[in-house]
Every structure is written in structure tokens, then in C-alpha cells.
Amino acid sequence: MLASDAKPTLLKIADTLSVRFQKTGSGPPLLLIHTIRTQLEYFRSLAPLLATSHTVYAIDLPGHGHSPIDPGASFDEPYFRRAVIGFIEELDLSDVTLVGESIGGALALTVAAALPHRVKRVYAINPYDYETRYGDGLRRGNLLANFIIGSLQVPVLGAINASLENKLILGKIMGGGYHDPRKLPADLLAEFDHVAHRPGYKRVARKVLAGWRSWSKARDCYRHISAPVTLIYGDSDWSRPNERERTRSLIPAAQMVTLRNTGHFSALENPSELARVILATE
1 MLASDAKPTL LKIADTLSVR FQKTGSGPPL LLIHTIRTQL EYFRSLAPLL
51 ATSHTVYAID LPGHGHSPID PGASFDEPYF RRAVIGFIEE LDLSDVTLVG
101 ESIGGALALT VAAALPHRVK RVYAINPYDY ETRYGDGLRR GNLLANFIIG
151 SLQVPVLGAI NASLENKLIL GKIMGGGYHD PRKLPADLLA EFDHVAHRPG
201 YKRVARKVLA GWRSWSKARD CYRHISAPVT LIYGDSDWSR PNERERTRSL
251 IPAAQMVTLR NTGHFSALEN PSELARVILA TE
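Heads up: the sequence shown at position 263 corresponds to 263 in our numbering, and the numbers run straight through without jumps.
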């Protein structure tokens with residue numbers, strides 16, 4: 001839970017598309033978009049800090065967390081983008097601040113490009129827009145992540161390895177995205193492992209990775225962004241300095257901030273500093 005008085009609910013966007021979300025706080029709207037392979041609970045430490053001055057909406061992207069799974073969906077960047085746009089339009093949010101990490105960071109940018117009349121500001125954290133191969137970012141974490149994630153693209157073997165994933169393996173892979181892997185919360189890891197046993201979930205995870213080219217192609221949208229953008233990177237993020245600079249150069253007047261001693265999963269590893277940066281420029 002993000003706050004004791006807030007319960008997640010399901011919002012239907014289309015016949016085969018619904019997303020689970022949680023609303024906390026009061027004030028101008030702020031939408032949180034999580035990383036690859038996580039869910040709205042990913043923001044359980046960050047959301048309360050932002051909810052002191054905003055109405056915070058945290059969502060489970062389609063097929064993630066406890067959002068319903070449409071087995072026929074593509075699960076690439078355009079699909080997730082349409083879902084986030086649908087969420088904003090269904091709730092008729094305006095002057096909304098988008099805060100996203102990893103694939104959520106890339107989505108915050110592409111949604112801002114698509115909805116200039118609704119988006120007030122963007123905070124794109126460690127945006128996952130540098131894929132040059134299957135699972136590129138995740139595979140940069142450590143040797144185990146490189147082997148396991150790389151194997152998922154292989155017919156038959158990929159399905160077998162995906163089915164064998166457990167909390168220990170998931171923890172090692174996610175730990176590769178931390179500056180200090182000891183900060184990965186055990187109870188949250190258990191929740192991620194729990195939802196991974198939902199029917200169809202691991203197939204979705206492979207389909208997200210199979211859409212790797214779409215996350216790099218998302219950069220084509222960045223030049224259309226008119227809202228102010230702050231790019232926030234952990235100093236130990238998977239992205240490389242030249243990739244970060246490339247993203248910054250594509251966005252008109254984007255600012256860039258680097259968080260010290262922070263990896264790819266900054267909302268878990270360094271939520272207080274992340275909130276400070278967001279609230280200082282809001």
C-alpha cells in the first residue's frame with residue numbers, strides 16, 4: 001500500500017484494457033509510472049513524500065502487478081503509451097505532472113509528446129530508451145542477469161528459464177540495478193515474485209523484452225515535447241554517459257540531474273533525494 005487510507009482500484013479504459021491504480025494525497029495531479037517488471041507498490045516510499053503537495057496516482061501498467069492481462073496485446077512501448085494516455089483521458093486529468101522510472105521514464109516522455117495540452121511537467125528517471133539488443137539494460141546489471149535475460153529470447157529455452165524464475169533469481173537480477181543491492185526490500189521482492197505466478201505473467205514479461213526495439217524508437221517522439229522536462233539519472237544507472245547526453249539533446253531545454261550513490265531503481269534506493277529534486281522544481 002502507498003498510504004493507509006488508500007486502496008487500489010481498477011479502471012476500465014477499453015474492452016480489453018484495464019489498469020489497477022491507487023490515489024493518494026491532494027493538490028495538483030501527479031502520475032507515477034513504474035519500471036520494467038514492477039508495479040505501483042514500487043513507489044510505496046516515494047508516493048507519500050509527493051502526496052504532501054499533490055494528488056498522486058500510481059498505476060500498474062497493463063499486464064504488470066495486478067492489472068489484467070490481455071494475451072493478445074503487443075506489450076511494446078506504443079501499447080503502454082496508449083494505456084497511459086487512456087488513463088489520463090478517462091480520469092480527465094489536466095495540468096498533470098508525469099513521473100516515471102525506467103520504461104516509465106520513457107513513457108512519461110512519449111505521453112508528454114502526445115498530450116501537450118494535458119501535461120504540465122515531466123520527470124523522466126533513468127529512462128529506458130537505449131536498447132541495442134534484447135533486454136539490453138537489464139543485462140548490464142551483472143553476469144547472472146546477462147545470462148538469464150539473454151536466454152529468454154531463445155525459443156523453448158526461454159520459456160523454460162522464465163518458468164524457473166524464483167525470488168532468489170529475481171533478487172539477483174534486480175540487485176544488478178542497485179548501487180547497493182542490500183537496499184532491495186525483501187518484502188517487496190516477495191510481492192514481485194508473488195505476482196509473477198499469475199497465469200500468463202511470465203509470458204508478458206518475455207513479450208515486453210521482445211519489444212526492445214520500440215523503446216529505442218521512442219526517442220523519435222522526444223522532439224515534440226513542449227512541457228518542461230527534468231531528466232534524473234542515478235550515477236550507477238545502466239545507461240551510459242553518451243546515452244544520457246543523447247536523450248538530453250533530443251528534448252527541447254531539458255535539464256539533467258544526477259543522484260549520487262543511486263542505481264536504476266532510484267524510487268526504492270533513494271526516494272527522499274528523488275522527492276527533494278521533484279518538489280524543488282515543481
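These are computed hints drawn from the structure, not numbers from a lab.
Honestly, I wouldn't trust all of these hints.
Claimed, not checked - In the DSS-like style, the derived pairs of lysine-lysine whose C-alpha atoms are separated by at most 30 Å in a straight line are:
1. Lys183 <-> Lys167
2. Lys172 <-> Lys202
3. Lys120 <-> Lys12
4. Lys183 <-> Lys207
5. Lys12 <-> Lys217
6. Lys217 <-> Lys202
7. Lys202 <-> Lys183
8. Lys12 <-> Lys23
9. Lys7 <-> Lys217
10. Lys172 <-> Lys12
11. Lys183 <-> Lys172
12. Lys202 <-> Lys167
13. Lys183 <-> Lys12
14. Lys23 <-> Lys120
15. Lys172 <-> Lys207
16. Lys167 <-> Lys207
17. Lys23 <-> Lys183
18. Lys12 <-> Lys207
19. Lys7 <-> Lys23
20. Lys7 <-> Lys202
21. Lys202 <-> Lys120
22. Lys207 <-> Lys217
23. Lys23 <-> Lys167
24. Lys202 <-> Lys12
25. Lys7 <-> Lys120
On a predicted model such as this, the values are computed, not experimentally measured, just so you know.
Comparing the hints with the structure gives:
no. : hint              : verdict
1   : Lys183 <-> Lys167 : holds (15 Å)
2   : Lys172 <-> Lys202 : holds (17 Å)
3   : Lys120 <-> Lys12  : holds (24 Å)
4   : Lys183 <-> Lys207 : holds (28 Å)
5   : Lys12 <-> Lys217  : holds (28 Å)
6   : Lys217 <-> Lys202 : holds (24 Å)
7   : Lys202 <-> Lys183 : holds (25 Å)
8   : Lys12 <-> Lys23   : holds (15 Å)
9   : Lys7 <-> Lys217   : violated (36 Å)
10  : Lys172 <-> Lys12  : violated (35 Å)
11  : Lys183 <-> Lys172 : holds (12 Å)
12  : Lys202 <-> Lys167 : holds (13 Å)
13  : Lys183 <-> Lys12  : violated (35 Å)
14  : Lys23 <-> Lys120  : holds (19 Å)
15  : Lys172 <-> Lys207 : holds (21 Å)
16  : Lys167 <-> Lys207 : holds (20 Å)
17  : Lys23 <-> Lys183  : holds (26 Å)
18  : Lys12 <-> Lys207  : holds (22 Å)
19  : Lys7 <-> Lys23    : holds (8 Å)
20  : Lys7 <-> Lys202   : holds (26 Å)
21  : Lys202 <-> Lys120 : violated (35 Å)
22  : Lys207 <-> Lys217 : holds (17 Å)
23  : Lys23 <-> Lys167  : holds (28 Å)
24  : Lys202 <-> Lys12  : holds (23 Å)
25  : Lys7 <-> Lys120   : holds (26 Å)
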